[in-house]
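Residue numbers (the UniProt record's numbering), protein chains in the order written: chain Y, 1 to 804; chain V, 1 to 344.
Don't take every hint at face value.
Stated by the list, open to error - Only pairs whose alpha carbons sit at most 35 Å apart, straight line, appear in this in silico DSBU-like list of lysine-lysine:
no., chain 1, residue 1, chain 2, residue 2
1, Y, Lys762, Y, Lys640
2, V, Lys304, Y, Lys408
3, Y, Lys408, V, Lys303
4, Y, Lys431, V, Lys277
5, Y, Lys431, Y, Lys354
6, Y, Lys528, Y, Lys283
7, V, Lys195, Y, Lys495
8, V, Lys181, Y, Lys413
9, Y, Lys645, Y, Lys665
10, V, Lys237, Y, Lys492
11, Y, Lys792, Y, Lys762
12, Y, Lys357, Y, Lys283
13, Y, Lys131, V, Lys277
14, Y, Lys502, V, Lys195
Derived by calculation from the structure, the hints in this document are not laboratory data.
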Amino acid sequence: MFVSYKWLQEYVDLTGITAKELADRITKSGIEVESVEVLNKGAKGVVVGHVLEREQHPNADKLSKCLVDIGEGEPVQIICGAPNVAKGQKVAVAKVGAVLPGNFKIKRAKLRGEESNGMICSLQELGIESKLVPKEYADGIFVFPSDAPVGADALELLNLDDEVLELGLTPNRADCLSMIGVAYEVAAILGRNVKLPAIELHENEENVHDYISVRVEAAEDNPLYAGRIVKNVKIGPSPLWMQTRLMAAGIRPHNNVVDITNYILLEYGQPLHAFDYDRLGSKEIVVRRAKAGETIVTLDDVERTLTEDHLVITNGTEPVALAGVMGGANSEVRNDTTTVFIESAYFNGATVRKASKDHGLRSEASMRFEKGIDPARTKEALDRAAALMAEYAGGEVVGGVVEVNTLKQEEVKVTITLDRINRVLGTNITKEEVSTILTNLQFAFTEDHGTFTITVPSRRRDISIEEDIIEEVARLYGYDRLPATLPVAESKPGKLTPYQAKRRQVRRYLEDVGLFQAITYSLTSEAKATMFALETAKPIRLALPMSEERSVLRQSLIPHLLEVVSYNRARQVENVAVYETGAVYLANDENELPQEKERLAGALTGVWHANLWQGEKKAVDFYVVKGILDGLFALLGLEKRIAYKQAKRDGMHPGRTADILLDGKTIGFVGQLHPTVQKEYDLKETYVFELALTDLLNTEVEEIRYSPIPRFPSITRDIALVVDEHVIAGDIQQAIIEAGGELLKEVMIFDVYKGDRLPDGKKSIAFSLRYYDPERTLTDEEVTAVHEQVIKAVEQQFGATLRG
Amino acid sequence: MKERLHQLQQEALEKIEQASDLKALNDVRIAYLGKKGPITEVLRGMGSLSPEERPIMGALANEVRQAIQTALEAKQAKLEQEEVEKKLAAETIDVTLPGRPIRRGNPHPLTRVIEEIEDLFIGMGYTIAEGPEVEKDYYNFEALNLPKGHPARDMQDSFYITEEILLRTHTSPVQARTMEKHQGRGPVKIICPGKVYRRDNDDATHSHQFTQIEGLVVDENIRMSDLKGTLREFARKMFGEDRDIRFRPSFFPFTEPSVEVDVSCFNCGGHGCNVCKGTGWIEILGAGMVHPNVLEMAGFDSKKYTGFAFGMGPERIAMLKYGIDDIRHFYQNDIRFLQQFNRV
Ligand SMILES: [Zn+2]
Chain Y
1 MFVSYKWLQE YVDLTGITAK ELADRITKSG IEVESVEVLN KGAKGVVVGH VLEREQHPNA
61 DKLSKCLVDI GEGEPVQIIC GAPNVAKGQK VAVAKVGAVL PGNFKIKRAK LRGEESNGMI
121 CSLQELGIES KLVPKEYADG IFVFPSDAPV GADALELLNL DDEVLELGLT PNRADCLSMI
181 GVAYEVAAIL GRNVKLPAIE LHENEENVHD YISVRVEAAE DNPLYAGRIV KNVKIGPSPL
241 WMQTRLMAAG IRPHNNVVDI TNYILLEYGQ PLHAFDYDRL GSKEIVVRRA KAGETIVTLD
301 DVERTLTEDH LVITNGTEPV ALAGVMGGAN SEVRNDTTTV FIESAYFNGA TVRKASKDHG
361 LRSEASMRFE KGIDPARTKE ALDRAAALMA EYAGGEVVGG VVEVNTLKQE EVKVTITLDR
421 INRVLGTNIT KEEVSTILTN LQFAFTEDHG TFTITVPSRR RDISIEEDII EEVARLYGYD
481 RLPATLPVAE SKPGKLTPYQ AKRRQVRRYL EDVGLFQAIT YSLTSEAKAT MFALETAKPI
541 RLALPMSEER SVLRQSLIPH LLEVVSYNRA RQVENVAVYE TGAVYLANDE NELPQEKERL
601 AGALTGVWHA NLWQGEKKAV DFYVVKGILD GLFALLGLEK RIAYKQAKRD GMHPGRTADI
661 LLDGKTIGFV GQLHPTVQKE YDLKETYVFE LALTDLLNTE VEEIRYSPIP RFPSITRDIA
721 LVVDEHVIAG DIQQAIIEAG GELLKEVMIF DVYKGDRLPD GKKSIAFSLR YYDPERTLTD
781 EEVTAVHEQV IKAVEQQFGA TLRG
Chain V
1 MKERLHQLQQ EALEKIEQAS DLKALNDVRI AYLGKKGPIT EVLRGMGSLS PEERPIMGAL
61 ANEVRQAIQT ALEAKQAKLE QEEVEKKLAA ETIDVTLPGR PIRRGNPHPL TRVIEEIEDL
121 FIGMGYTIAE GPEVEKDYYN FEALNLPKGH PARDMQDSFY ITEEILLRTH TSPVQARTME
181 KHQGRGPVKI ICPGKVYRRD NDDATHSHQF TQIEGLVVDE NIRMSDLKGT LREFARKMFG
241 EDRDIRFRPS FFPFTEPSVE VDVSCFNCGG HGCNVCKGTG WIEILGAGMV HPNVLEMAGF
301 DSKKYTGFAF GMGPERIAML KYGIDDIRHF YQNDIRFLQQ FNRV
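If we strip away everything but chain Y, and leave its shape as in the complex, we get (with noise of 0.2 Å):
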């Protein structure tokens, strides 16, 4: 909402605050002041001329030499380029010595050899938009009307000395949508009074009902329809001042009847509607939703196809406007019409919005309606307006107003005592400080022992409950004043649950060993969204998606993690280690909310460590991956109950790329990216994990328990086994644990051969076996004898040899 400071002052004193002072004020109370603008770009010296000749430039056709009576001295030679300069006019000139906005100064000039002593403007030279020009003057110049006094300050008379405040209103202060509203706030805020428009009212013998009648069929969406006729208008433009108060606000001038309705709708924030009574094609008015199919040609010349859900002003046979959004074409105010027939009414928000969004029709008359109007105000605005036409188009107003009215208005009233507000507010507000703020804001109210009963006006819609009181006294007695206190209420120590704690550890596990954490988007697109995934189900798509990269919920964490290691890859960062941890989104019955899973991914890729001068370089493989997750399945304490199987996934290296068991169960997978996957992303030798978090970090472990340390030397025995290639370390160690016994605590392999020195299809495993015995030494014979059951179990099942 634009709010021209000058115009304000007709409904409140504004003395002594300045415009700045004023939105400052605003803004602290609630309502932000989105910008002050000064309306004068920087144009000086500009008086009203009148044009007492106009003849042809001698030497361009284009130009015309103006004697221009400026109100001093003699008359002055202007050349002028506009078009529609003509003799008679009363227009802007600045000076010689002028400045007009862009700091442009107006000189004596000689132009194709004749003098020039000054510049006729535009408005558009004088610093006002182009899109806010009335048409007629849109490629020329500026014409006063023809009482304008020569000499006098054109800026003035063009109300450029006015500063407009841009209101950023949130949706619950509907009221400030009008000037009175706006200045009903302001008068609060400053404690004055407020002035309404005296409305003179002259109506002739005539009844409007032989003129019109209203039917409203559809009363839910229109409760309160009314309406009035004005004869012989002259359609013509509008005073100046009523022109440059649009202009302020925003809209474009036409014509004096159309002006005035947006004037009052401006003034009073009620929309109003002037049809050509003559061209409506029937004497009566039928309010009803619109048929499915029906059509309606609108002001901007669409014909636009309208559903049940609309709302039309029908003159009993076909739309003449879609209800609150727009008029139709076919009864349109032109400039030979004569008699009009003003509509002021109350239509139903949800009814306007949808009609405005179904047909991408927003204007100032949709929108205050979504809002919510003012219907005590709709009757004052129609006779405003009548009034507006009878004095400024020359019409008649016909006697009566035709109406139909099925509002149930409520009085709202709102008890409160003093002791809730300071209880939520925690302050200690007078009871003469809050009857204060309710007396500014104009709300009618009574005391009785700290007990307030305040009734509101129809034009605060926002305000219904008591929490809406407190919060008209606090804005108005100021947060400044609120005090800073804690709650006192006894207090429990706040903490992370285990599972939070648990996140957290993993992810600074995972940071400290080398992996940077990455956060990607959730929503991905159809291919992507079950790639990978340990579990898959029907992808969850967006009904309205902004594209398709970003229109279904991802089921794995890894597509976007390998986009991560390409975009990087891309911008020459070759050695990416990410991880990240989030929601995969498994869809359940369409109407309940998705199953929503933790995930734990990472991709790496390159170089894993070097220390290139000391002859170290490691590049990331399977094991590399393998080892960061052996950490953190120790870190959780689920060490013992992990296994990795040989799998096979799509998207994976089908050789090199496990599944990850935990009791049993596959809660995750690692391996090699498939070299077609890796070509696809455009990345090299790429490993991925993905496991189930959520899983993971709710599997209750054992709390730690102190165990003692070794007292008696343990005894360690090495043995290299031949085996046949396709055998599996895993399995032998297996083997060798279940044969080892309760001796055996630690099985390590620390060498793999395979080569010229074994046989084709052979490969040898070096295992280190500690044996200990908590309670005693152990004797070389002791273990010899389980260390023969060792070699014998692994000889027996996989047809081992020791190596010599």
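Could you slot chain V with the ligand onto chain Y? The hints should help.
Below, chain V with the ligand alone, put in the same frame as chain Y:
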């Protein structure tokens, strides 16, 4: 004989002095103190001495031996020391060569900010509540006093999946769910961090996915001044002890009264700079007293219970704190961006 002994001592000491390594020193030892050495020889000639002279000469011989022995030991120690020093000198390394690098990653800057805020409120007795990102319209809007058709729904254009299910537009539904779980009994004291989604085109200042942290306290006798005190405490812990806050009236459907909360600029201290756009204040939070409709819908008696709620954006805080100029950095995960947040 006496002279001979003195002479031998003299000679031996000189040779010891001259010995340049342990081997030479050992040669001296053998030469003078060995069984075939000259001192032994001298002593052998003692038979020719008188009984009175013998002990005197014996004592003298021992003295000489002792002196040589002492000198030998001293020299030996010195030579050994020199040997060690030489060896160590040969072992000298270039300490300016680089150390074996330790690989280290770090948390995402948003996590850094979120955890700092979480910890701060945990210190004030809050717990952390989490909830689904795919939400029911009811919890996202209706339970927060935003019935269907409410004009304020325009303020947050949302990603709907079905008519009743959408990606949450704020973390407030977690508050609604938590209150509901409390079944009308206070106190509730929670912080709700999480991802949220809005239909925005991604650009330098907008992201269709971002994070939010909201807080909620519901109890008997919670006052708006408690909100002010709590947020002042937060601002000081987060942005510096000399920070101040101010409330500006605002509107949110789920709180009343509602305020925007500014923190005095931590860059200029309030004088005005480009961070605070010359105002001395930076808008950080939205807050207010929980709307009675919200309390009632969650099963709390709004006559008995009051509460406050606040919300903030970790992206905005991180951008202000670290001077980050483009919100997209948070979701591009450029390693060169991420690794800037790798230290205390
Ligand atoms: Zn600053």
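Please flag the earlier hints that this structure goes against, numbers listed from lowest up. Going through the list in order, the structure violates hints 4, 5 and 6 and respects the others.
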